[in-house]
Each structure stands twice: as C-alpha cells, then as structure tokens.
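Protein chains in written order, with the numbering used here: chain A, 2 to 344; chain B, 2 to 344; chain C, 2 to 344; chain D, 2 to 344.
If you're looking for bench data, these hints aren't it; they were derived computationally from the structure.
Possibly wrong hints are sitting among the right ones.
Identical chains blur together in the list; that is why a pair holds if it fits in one copy or across any two.
[What the hints assert, rightly or not] Below, a list of computed lysine to aspartate or glutamate pairs in the DMTMM-like style, where the Cα atoms sit at most 25 Å apart:
#	residue 1	residue 2
1	K281	E129
2	K341	D276
3	K341	E27
The structure presented is a predicted model; accordingly, all values stated were derived computationally and were not measured.
4 protein chains.
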Amino acid sequence: MVHLESDYNNGAHPAVLRHLLDTNDERSQSYGDDCYSEHARQLIREACQAPDAQIYLLAGGTQTNATIIDCVLQPYEGVLCCDTAHINVHEAGAVEFTGHKVIALPHHDGKLRNEDLRRWLQAYFADETAEHMVRPGMVYITFPTELGTLYTADELHALHDTCREYELLLYVDGARLAYGLAASADIDLPLLARLSDIFYVGGTKCGALCGEAVVFPHGDAPAHMLSRIKRHGALLAKSRVVGVQFEALFTDGLYFDIGRGAIAGAMRLRHLFVDRLGYKPFIDSPTNQQFYVIPNDALEGLRRHIGFEVWCPVDEHHTACRFVTSWATTEEEIAELEAKLHP
Amino acid sequence: MVHLESDYNNGAHPAVLRHLLDTNDERSQSYGDDCYSEHARQLIREACQAPDAQIYLLAGGTQTNATIIDCVLQPYEGVLCCDTAHINVHEAGAVEFTGHKVIALPHHDGKLRNEDLRRWLQAYFADETAEHMVRPGMVYITFPTELGTLYTADELHALHDTCREYELLLYVDGARLAYGLAASADIDLPLLARLSDIFYVGGTKCGALCGEAVVFPHGDAPAHMLSRIKRHGALLAKSRVVGVQFEALFTDGLYFDIGRGAIAGAMRLRHLFVDRLGYKPFIDSPTNQQFYVIPNDALEGLRRHIGFEVWCPVDEHHTACRFVTSWATTEEEIAELEAKLHP
Amino acid sequence: MVHLESDYNNGAHPAVLRHLLDTNDERSQSYGDDCYSEHARQLIREACQAPDAQIYLLAGGTQTNATIIDCVLQPYEGVLCCDTAHINVHEAGAVEFTGHKVIALPHHDGKLRNEDLRRWLQAYFADETAEHMVRPGMVYITFPTELGTLYTADELHALHDTCREYELLLYVDGARLAYGLAASADIDLPLLARLSDIFYVGGTKCGALCGEAVVFPHGDAPAHMLSRIKRHGALLAKSRVVGVQFEALFTDGLYFDIGRGAIAGAMRLRHLFVDRLGYKPFIDSPTNQQFYVIPNDALEGLRRHIGFEVWCPVDEHHTACRFVTSWATTEEEIAELEAKLHP
Amino acid sequence: MVHLESDYNNGAHPAVLRHLLDTNDERSQSYGDDCYSEHARQLIREACQAPDAQIYLLAGGTQTNATIIDCVLQPYEGVLCCDTAHINVHEAGAVEFTGHKVIALPHHDGKLRNEDLRRWLQAYFADETAEHMVRPGMVYITFPTELGTLYTADELHALHDTCREYELLLYVDGARLAYGLAASADIDLPLLARLSDIFYVGGTKCGALCGEAVVFPHGDAPAHMLSRIKRHGALLAKSRVVGVQFEALFTDGLYFDIGRGAIAGAMRLRHLFVDRLGYKPFIDSPTNQQFYVIPNDALEGLRRHIGFEVWCPVDEHHTACRFVTSWATTEEEIAELEAKLHP
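Just chain A, same shape as in the assembly:
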C-alpha cells in the first residue's frame, strides 16, 4: 500500500529529526531569539540571495497566511486572489476573521491571470464609489497552486509589474515551495525573492514536522512584528522547534533535494498513469500533486494499492483523483506501484 493521499501524512525528513536530536541538550533563548532560528534565517537569506531579508518562523500554513496578511494590510484593505486560492476556500475564513475581505477572481488552471487582475484593478480605480468598496492591498498567489500548476517567470514578472503599478503587495504562499522550485523551469529562490514582497517557505508539507518561514526579502516588514505575531497567537515560546528544523532544511541543500525527489516520483507516476495506463491528466500539473481522470470501475482496484484522494466527479463514468508524492515517497514505492498496476 503506497500512501499518496497528501504530503503531510508522514513524520519529518530523517535529517530534520536527527538535527532535533543533536541539538536537544543545548539551552537557548526563546520567542525567535534562539540561535537555531537565527542561523536558519541566515541560511534562508543566503539561499534567497537577499541579505536584507527579514524572516519569521511560524507553525502552520493557515496561521501564516492569516497572520501575515493581517499584519501588512491596512484595516480597510482586502486581498486579491483567484477563486481556487487556499485562503478563499480552505482556511475556514481565517483571513476574514482578521477583518479583511478576500476578493476572488476566476482561476485558470489554478492561477490568477495578470489580464484578469489588471481588468479588475482598472475597474476598481475608475469607480467613483471606490472609497465605499474594499480597497485592494495585496495580491495572493500560491506556488505551486492548489492544482499543482506553476506560474512561469514571465507570469510572475507580469504580476509583479502590475503590483508595482497599483501599489499592491505581492504575497506568495509557498506551502509546497520545495516542489514548485524543483519543477519550475525558470523560477528559483532568488528570483522569487526579487519579484515578491512577501513569501513563505513551506516546512510542514516539505519535510518538517511543522513550521513555515515567512520572508520579507526587501527587509520592509512592518514595525513590532513580534507583538503583531503574538496577538495572533502565532508566536512560539520554544521557537527553536521550528528554527532547528529550518536549519536542517537549508543545510547542504536538503530543501531542494526534497523537492527534486518528490518531483521525480511524480513524473514516474505520471508516466505510469498516462503513458502506460492511458488515463488522462485532469490538470496538467508538473509538481507533486498529480490529478488523473480515473474510470469509476477502476477506482476500487486502485484503492487496493494506493491511498489517494477523490477530487471531484468528471462525468457519469469518470472521477478526478489526486495523487501526492512527497519527500517521503520512495523509489521502491513507485516501483511497487508500477509492478502492481502495469505488470
């Protein structure tokens, strides 16, 4: 049985856990001032080629999105995203809980199109009643998206330029960033750091037990971030728990290895499902979330060998299903699937 239900159904990458063990007996400061967090921040700054970056380590993804969006927006501002965005669908209203509207535009393969964004912004700023409406303060995108797709460098450049023109912050949710970086043809960490105002390096879904690293690459985080984060309940007393993990993830390129391993597995999976078994991709995803159209009468057979998630019905006879590889997916597991599903 190979578990491809999600990329957070496992423990931590062994190297991460080992580093927790190795550092366990040392005493440290707390609330983000510990030496592990400081070193992790330095390693991330270097990986981003962003020496002025300010970095905050939080525990989870929804927490990070809600806390950071609330910290940087003016009270009367909202956040623009596409309708499939995690903050719009699957965060139980955490952003609205902080008082901000999520303004959703139609997605295209899980992505926000620059042309849709520009059209919306032009209409907003041309509207004489704009002051009665929620002012746009930020554009939120995910990389990779909730559908596994990736923005190209050109698309990211275009969104960046639009944000500059309209004085919006560009925020990139990198819950699965390792997988996005490994699969992208033209976006790496330094480029992401250059083109975004804020992004986060996902830990929970990329090899850590927990933890996300929020990066302000240009060093322009608002004042009093510690107080802001704490009032959201997002400040860890024993901050080293996340610091140590990110220290491990950004030592010897582990974070990037994790991404590459999962993508290799995903591509082999794709070869098996599409080329050999003849299933159609539901979405053309280059990352660790793979979506295929499975005939309904094949579902039960599949379930004997793989754990996966039903995504949505496609037609009377077909269902879209999601298969997720991760750092924890082994070559042996993929080989086992190949042997069982297409002997």
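Guided by the hints, dock chains B, C and D onto chain A, whose structure is given.
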C-alpha cells in the same frame, strides 16, 4: 553555568523525542484525526478519569488561550481574571484581538480570590446598566499561577461553586500543569477535571517541543470546533507532531515524573537560597518558579554560575529574581550550584 | 433641475419632520425604551401581521447589515449572497470587519437564483473538506435589489424553502423596502414577514432623516441584543430620534404612500425615456431606480435638466445611467422633465 | 415632575429642529459631502481656531469612540484611561470588539492623574517583556468626566506633555463638551484643540437629536477615513441629518449658550440641595451632572417631584443620586423644585 531562565529554553524530554523518532516512518491522517492524537486523547481522558472529555491539541499557550476563550464565550461576554494573569499582561492583547474584554481584579500572591470575584459579580448583576457593560462569561485562572503559587482544593472548590452560581465557565490555564500537580497537596488531574469546565495540559513548558492539550472534561465543547480552531489559524495540518508528543507524555506517567523532578530541584534550590544563603523568598512559591530577593551586589556573582531572570526591583539595594527549574534541570546541575554558591 | 441622483439627497418626509416637532418637548426613556420606539414597534408588528416580532431600531443601512449579520451568525459561519449585493460591494468590508466571509454567487438581474444557491449548497455539503471551509449560515437578499429588480413571491418562497432545508437564515435587506412593496405584484409585508427570518424596513431612503427597523418576525432574536448592538456602536442613546420617525412612517399608511408615489414617478419617467425618447432600459426595473442606455452625445443635454448617476459604459457610444425617484420626487418635477425632454 | 434623569431624555433644541425644517426641501450630496456638513465643519474649525482641522460627523458616542480609536491605533496598540472611563465600563466592550485592549488605571474623582499615567508608562517602557504586552498608543479622557468633574488647564497641559514625550495620542471624549466648556475656568475650545490630538464635540447630549463631531485639530487624520468609518458601519448616507444640526449648534454661539444654561440650572440645583436642604455632594461636580448623598427615607419624597437616577449606596442610610440638567432644563422647572422641596 546552570540555566534557570525559563522552562522553555531547552529541547524536549528524551522520551518525547524518541517517540517522534519511533513513529516517524508511519503514515497517518491529519488535522487531528491521526492515530497518535487519538491515542493521546484517550490517555489523557484516562488520567483525568473523564471518559467523556473532549480534547483538542494545539501548538502554543497564547494561541490556546485566545482560541479557546473566543470559541466558548458569547460575543458580548468577557473573561474575569486577576491582574497578573497571563492573558491580561503577556499575550500582547490576543484575547482582545478576538473581541473580548479581559476584566482584571486585584491578585493576591498571583491568585484570584473568591471573595473578590463574588463581590464583583454581585455588583455587576445588581447594576441596572449591566446590559451596557461587558457580561462576564468565564473565570480564568492559572495553575500554577504566574507567580508560582497554587490554588488549594478548597479555593478551587469555592471558585467552582461561584462559577456554577453565576453560570460562568471556569477555565484553568495549565501551561505549567505538570509542576502544579507535582507540588499540590490536594489537587490532582481528576479533581481538576471535575471542578473546571475547561483546562489545558501544558506541553511546551513541561517536556514537549510544542503543544498544549485542551480538555473539556464534561464533553460539552461547542459544535464545529475544527472550524473554530482553524479560523484562528490554530489547526495543525500534521497534527501528529503534537499527538505523538502527548502520547509519550501520558505513557508510564512521564508527565507526572517530569513535574516531580522539577519540583525536587526547586525545593533543593530553595533550601540553598533561603536556608543556606539566607535570601528571602520574594513570593512563597511551592512550584518550579522560585523568586528570591537578591542583594544587588550579589547579582553579578550569581550570574557567573546561573542564568536567571530579573523580576523587579524590591528596594534600592535588592532585586527580586526568578529561577526556574524544569524537567531538564538535573541533580548534577543543582549540586554544582550548591558547590559553587555555598561551598 | 430635477434631482434624481439618489433617494437620500433630501431631508425627511414632511409628516416625519412634523412628528419630530410635535413630540419634541416630551421627556422619554432612552436606549430603545422610549415610548415612541415602543409604539413604532407595535405599529410595525401590526403592519407585518407578526404579533411576536422583535424589532430593533438602528441608524443606517451598512450598520444594520453588519450588526445584525454578526449578531445572528455563529463565528464560523458566512453569508451567501449574489455578487452585486450591497454587503459584497459597497459596504467597505463591514461584514468582513465583524469576522464573517461574504460568499458571492453570480447574480441574474441583481437577484440570487434559487437554483444557483441549491447547487452551491449541495456541493458544499457533499464536500469532505467542508469543515475547513466557511459554513453557510445565512442567505442575504435585497428587496428591491441594487439593480431595482424584485423577487417574485414564487422566488421568495423557493429561497425560503431552500433556507429551511439547509437550516440557513433568510435575511432581506429592505433599504428601499417602501418602493419594493409598492411595485411588487405579489409580495406584501405580511408575506415578507412570513418567509424571511430577519428583514429590515428601510427608513433613510424611504422618507426618514435616518433609521432602519430590523424585524425578527418570528420573535427569535438572539439573547442580549442590546449588548450585542451596543458593542457594534449601533445603539442610539436618544433612541426616540428613530422611534418618532418610524411612528410617523407607520401611521395612516405613510410608508406605503411614500412607496407608491415614487413608483408612479418612476413609471412616468420610464414612459418618457423608453416610449417617447426611445432609450432602451439597461435593466428592466419596476422600482424607483431606473436604468436607461443613453447615447453619449445626449448626456450633456440631459445633465442640464436632470441630476443622475452614470452607472457604467455600455459600448463605445452608449452609457447606462441611473435615475432615482423617491418620496420627494413631485409630479411637477416629472412634468417639467416631460416638457423639457420631449416637448 | 421635573426630569433630571439624563441629558438625552428629550428631543432637540428648538433652533436645531427649526434648522432641520428650514433646510428640508433642499437637495444635497451624501456621505459627508453635503453642503450642511461642510459648513458645519467650517464653523467648528473657526470655533476651535484650528483652520487645518479635519472633522467627521458620526451618529453616536460609543460608535464614535470605537470607530475613531480603532482608526488611529496600530493593531497592537491599546488605549489608556482611568477605570471609570466610559469606554472601560459602559460601552459593552465596543473598543475590545475592534481588537484593542482598554488599559485602565485608578481614577481620582473620575480623572486620570498624570502622575499615575507617567508611573505606568515608565514601568511599561522599562519592562524587558514590553513587546509581549499591549503597547500604549493613546490616552483617553472625558471632558467633563463620567462623574461630572473637569480637568484643569494645568492638568490637561500635563497630560498633553506626557503624551508628547511617550508618543501617545491624546483623545478627549466630549460627549458633554458643551457643559464642560461652560463650567471650566480655563479650558476653551481653542485650548482643547491645541492640547489634544483628537476630540469630539458631543451633539446627542448637548441639544441635537443625534450626532457627534470628531475633530482632528492638527489635520493629521489617517488616510481613507471614509472607508475606515464605513467599515465600522458609522458612515451616514444622509449625512446632512448631522450636518444640519451642527450647523445650527455652531451658529450664533448656540452650543455655548446650551452649556451655560444647563450649568446655571445645575448651580441653582446645588444651592437648593446643599445649601438649603443640607445634603452633601457625593462628588464635587461643577457641571450638569450633580451627585448628592440623599438619606434613604427622603428618596420617596424626592421621587414625587423629580426624576433622577440612583447612583450607588453610600452607607446603610444614604444613597448617592445623580441629577442631570441639560439645555432642556428650564428656569421654571428649577423654580418649581425650589418651591416644592424647600418651600
């Protein structure tokens, strides 16, 4: 150098870390549905002798307080506590962030006195303008308190009775619960579970890397807790990280051992400081937070051997200082201090 | 010059103002307990044939929507509406400020279609991740809509039935209710009271200086409404200012006369613009908000005689414009327009 | 029967009502852009000798406090006041609803003492854990206070200086400002405008049907105030209703006449109660709220002639009662009381 600055300046208890290692390769569900969290909940229910208890595992203390208080209060209700309470002083306004007033009464040795509470409640309910005031919905206490002191069973009974009479929830913040239980003459987990409506079993300060277990001992948590917790950003995707740790803490009585060890160290420290060095206690604390009045000209000498926290000035020549033992304080460390400070 | 920019660019209906004058020297209670508010509530109950109705008098429309929606929803619930809804577009995020998501579905002529609502609800409740999403707690509609259109009794029945089936509250924003009731073929106050859970009788746009009357026709408002309203800053100390006005509006059928007068004016305007001047309606509105497609080269001429609002461009050569009649629009003004525009 | 229960149990000053009548037939802009509001703002600027002042007209006092405090504070900031402050006691948690802590210091005759404020601020800024606490952003005082007392110019200067030193905003709640200005020996509107950062000119309790005028005397209101106010539900569509009233109040010195009349009545009342009837003042109030210690066996007799409010028990045999004059209290009414109570 012995580090007594806090009980969260270390890693995790070795048994906790080992359990994280031992379970690391297994796959699990997420968002609280994992088998480790389920088992941890069962172990806590048993330790509380509260078979109907509902238990939620969160990541940190401020997060837990703000989330749970907001989840159970009506929007127009506030929370009563004493003025030294953590939620009133050191949570950066996290409870107010959720829209609820913290109503502070004077403390006595860090404790809320039942007579003060009753007087306030009588005045509130006698006031003709009460509907224009924030309605009391909960009493919040800490066990042990921020000053290391403990409520007696009689005091807890009295607060419980007052809460019943006035239809208030009694919530006990157990960030340092292990140490409170180990030091208390007459309060154990089953009694705490019987007398409180909600309490949390602190993990972060009691041997875990992170994590707090919120207990509704009578099984009357409000509906849709998962959604409520998630909109506060407090739902961990990889919930096993806390589940595994509490599984370890409540196996073979580890949580209680951790408490007892730290209290033994604290009592030896107290003997050293008070009986042998002749310093006065600043507060008469039976738990792992010890406060002594140190002559200012002795501070520098102390600092060569111990890490501690300056609490507040006492007079021109004396300073109150806090010394905190924990599960991580070893007998060797205390012996070292004894040898160095009172050879 | 005839002013048709809006229905709130005037003072109050003379009878309303006269009643303020007539009662001015009397002393009264405050915070809603005054005799005028009490009598106004009684008059509204009678007009609704809802003897158990609970009624709250607030000052303005956005205030009313945000306050009431927050008062009745559970914290984790959101409000469903169509995308043109006032709460979604023109309230500067007041509902989100209270922590609730506004979930917008596509409108059809400004209306929420029951079939769209049902499809959304079926998808939501079939979704295994529903607990991670904002739970629907209410359906919000406007009567008349922001585009001047009206739900039929059949449509209202259908929405009501859907709300019952899915345990949602049906809330009707009646900012312009007088005009809706006057123009509707089959919805009157008693029917509205029967089919909705909450609605408000608009005052500001229907003859009052200020004030909206929120009706819970079935008498099931949540407890502690005074405290709830006050913490939203929406409780008027001198509540008689709204009470006196609603007393006047619901004496001798004034509220209904106000509606009929404005609709008569709107229909005469429509005859002038559509039948005689040959302009096309932009939306087929039976109420006091009329929208016509005006050739761009006719705009300047029109502006010499009428004050109106540009709504949106239609094509290169045409613009949709809004013309609003109200209780304050006189027959003389319409006659003047007829004489000037189609002599 | 003379009604001295409150200063909001009446209608509006006749001149205010007359101005509503006189302007009723004119058409105007809305949302604060109407000519009446604009003129009212100009009149207030002149009365304050503050030509750069920005002024916002809102409907009620609690609304004004919560909206403005939230608009100007940073999210992590709280507001300092004394424990009797209206925002701390009688606003049902409206400030906390917006996410800000109200930090209450002990009052002295209803006033915040500069020395208490300074001591608190020194302790806060000396505290190493300050970033974990709610940061002070504003000092809130009332003029007159809830107990009818007045700050002297010296006291106001001292608070102003402390606020400058610690970079806090000084906000003065002037719900009863007319009465305070009339009774003060040394504070007038221009001085108040010079020494405060924000204050509001109370309308509801000083002759208007409703309405409060918020003044930023130095013209430094935050950007996007319209959006900020609207998201609090505090923007009136038909803003002229407040504009017209303030236009009347600041024409020919009406606002100051209203204050003087009520103070004259209050002083005559004081002469009657204290000098002739021999009752002791409960608080030494120079303004329109008078508090006397009444023997319990005299209460019933008093109630036959005066409406008043029981404030609190003083001892077994005495009760403190509040008697409030206003613009509506006539000389005839006071004379009637004199005749009945001390014939």
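When no copy is named, should K341 and E27 be tagged within, between, both, or neither for a Cα gap of at most 25 Å? Close across copies (22 Å), not inside one copy (48 Å); limit 25 Å.
At most 25 Å between CA atoms: does that hold for K281 and E129 within a copy, between copies, both, or neither? between (48 Å within a copy, 24 Å between copies)
State whether the alpha carbon distance between K341 and D276 is at most 25 Å within one copy, between copies, both, or neither. within (16 Å within a copy, 73 Å between copies)
Hint check: no violations occur; every hint is consistent with the structure.
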